[in-house]
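Model the full structure from these sequences, guided by the hints.
Residue numbers (the working numbering), protein chains in the order written: chain A, 1 to 517; chain B, 518 to 606.
In case anyone wonders, no lab produced these hints; they're calculated from the structure.
Positions of the beta carbon are idealized from the N, C-alpha and C atoms, including for glycine.
Every clue listed holds true.
Derived EDC-like pairs (lysine to aspartate or glutamate); straight-line CA-CA distance at most 16 Å:
| id | chain 1 | residue 1 | chain 2 | residue 2 |
| --- | --- | --- | --- | --- |
| 1 | A | Lys448 | A | Asp425 |
| 2 | A | Lys65 | B | Asp578 |
| 3 | A | Lys430 | A | Glu447 |
| 4 | A | Lys310 | B | Glu559 |
| 5 | A | Lys65 | B | Glu581 |
Pulled from the structure, derived: some chain A residues nowhere near chain B, Cβ distances all over 10 Å:
| id | residue |
| --- | --- |
| 6 | Thr17 |
| 7 | Glu33 |
| 8 | Lys51 |
| 9 | His149 |
| 10 | Ser345 |
| 11 | Pro377 |
| 12 | Lys395 |
| 13 | Met399 |
| 14 | Tyr421 |
| 15 | Lys448 |
| 16 | Asp477 |
| 17 | His485 |
Per label pair, the in silico range of CB-to-CB distance:
| id | chain 1 | residue 1 | chain 2 | residue 2 | range |
| --- | --- | --- | --- | --- | --- |
| 18 | B | Gly560 | A | Gly316 | 20 to 26 Å |
| 19 | B | Glu599 | A | Gln30 | 41 to 47 Å |
| 20 | B | Pro543 | A | Glu380 | 48 to 54 Å |
| 21 | B | Glu549 | A | Val450 | 47 to 53 Å |
| 22 | B | Met518 | A | Pro258 | 26 to 32 Å |
| 23 | B | Pro543 | A | Gly316 | 33 to 39 Å |
| 24 | B | Gly560 | A | Ala480 | 58 to 64 Å |
| 25 | A | Asn155 | B | Asn528 | 24 to 30 Å |
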Amino acid sequence: MDMQVPKKKLGLKERYTLMTRDLAWDTSYQPKEKVYPYADYEGIKIHDWDKWEDPFRLTMDAYWKYQAEKERKLYAIIDAYSQSNGHLGVTDARYLNAIKIFLTAVTPLEYMAHRGFAHAGRAFPGPGARVACMMQAIDEMRHAQTQIHSLSNYNKYYNGFHDAPHMYDRVWYLSVPKSFFDDAITAGPFEFIVSVGFSFEYVLTNLLFVPFVSGAAYNGDMGTMTFGFSAQSDEARHMTLGLECIKFILEQDPANLPIVQRWIDKWTWRGVRLLSIVAMMMDYMLPKRVMSWKEAWEIYFEENGGALFKDLARYGIRMPDCCEQIRQEKDHLSHQVWAAFYNYSAATDFHTWMPDEDEMKWLSQKYPDTFDQHYRPRFEFWREQQQKGNRFYNKTLPMLCQTCQIPMLFTEPGDPTKICYRERDYKGSKYHFCSDHCQHIFDNEPEKYVQAWLPVHQIYQGNCFPEGSDPTAPGFDPLAAVLEHYRLNAGRDNGDFEGSEDQRNFEAWRGMAKRND
Amino acid sequence: MSKVFIALQTNDDTRPIIESILADNPHALPVESPAMVKIDAEGRLTVKRESISERIGREFDLQELHTHLISLSGHIDESDDEFTLHWND
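Shown next, in the form of structure tokens:
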């Protein structure tokens, strides 16, 4: 009698080995150095790529299965949200200004991350690393797409959502995220993966995707909540890749340590500067708040990042030098950045406002050592001026930091009454910096950063006017010309939220949603 | 000892997962926020396939976690039966 013997199912580890490393081969027509030309020049020494362990052990077939499920779920929610006029359920149209920043400043980074990981996946000689990078490249493309799809619903009703990719390449403050990622993807594959996979994903993105997206849920923004959590479910895998990659590089050769430490120092600071805009989104732009920036910072950077660095200490890795300054800045960051955007609100694709009395109370309570002393008086004065019809718009273009490209708005460590400036002469030109750390980054790679495309310099050089403009023509308005070049609708997309078309429409539509007139 | 954490969306699929994690890791502490729960645990946290399968009344594949995961921290050790987060210090 024939007996059916059920085939023994392979375990997870065996499946992963068979479907990943066993599918790789060594080239014979071309030498390895020619196939992987970027593997060595950064000085990182790898002796055995087989030591690479992907802790998630996700194989391509399982990857497609779970990603497809995530997509189906996401699009079902997005459809339901738009079909039921879900946008009228957000706490306030004011809130959507944070989402405009998300679309113009974060979504294009997802796409750049896609390009970066596709390149790193091609450049690494080890199959485990290649498969993980390929999955992440596909994830990042998915994030860019789902964010554009989810947010296109708001573009039907609100101003400022209309041309994110065009703005990303031109608008002054968007040169901050753009230059961050351009810096990362023009580095070698190892620096790229330490910068984005480790410093950015593991140490910093939790701050954007976890408390901010939970805040989106709290404010009734089902669109952002859905793509945010769907993206973040991939991030857990990305963070794991980042951590694995650091461990792998450090275990391969002791000579790798100083190189990796320099990258961690550089990219932690670059990332912290980049996230200063998220600090302001959390503290000033959410009508209902889950936690302050400072609280989020303490949980995700100090506690979680601290645990990570403690764990990496056995390889000789130490906390980045910038951590002391970062610790001091957490009490000031969101207020200083919001003040700067309020000043330059005539040139942004979103609205600004001064916090009302309740919000000021919340800020005093969350920032007892700094808000009342340094920021409340300034904000009350601006609010008073605005109410008298003297809303202040700063029309002088600010000096920018050569490295992070943020206007000089940060204060000296230890003295919140004094703006921090650093400068450096290099080959006969002067370069300016917002901090010691940005200056050190420049000092290490001056030939890279002298090429920075600084929006203010470009405007003064006449490179940011619409084609055919004549700046010598009588009555030429340079600010208006720059906004036209940005494709910004002045007076509609920017300036005060109070009195804006977005505010009026939202009130009117929400009223209509409850009546039959 | 440093803390590890796992953050999950809150929905009907994750309720039994969260229950299992809390039952299997008595030292773990759930922190709820809008739409999500973050479970912190000193040193180590283990998600067990069997506990979840028991609660949902069908076989659970630990990789189903990917659909609901928001974030985590710590080194990962994953097998068919257990998913563990830990620090090495």
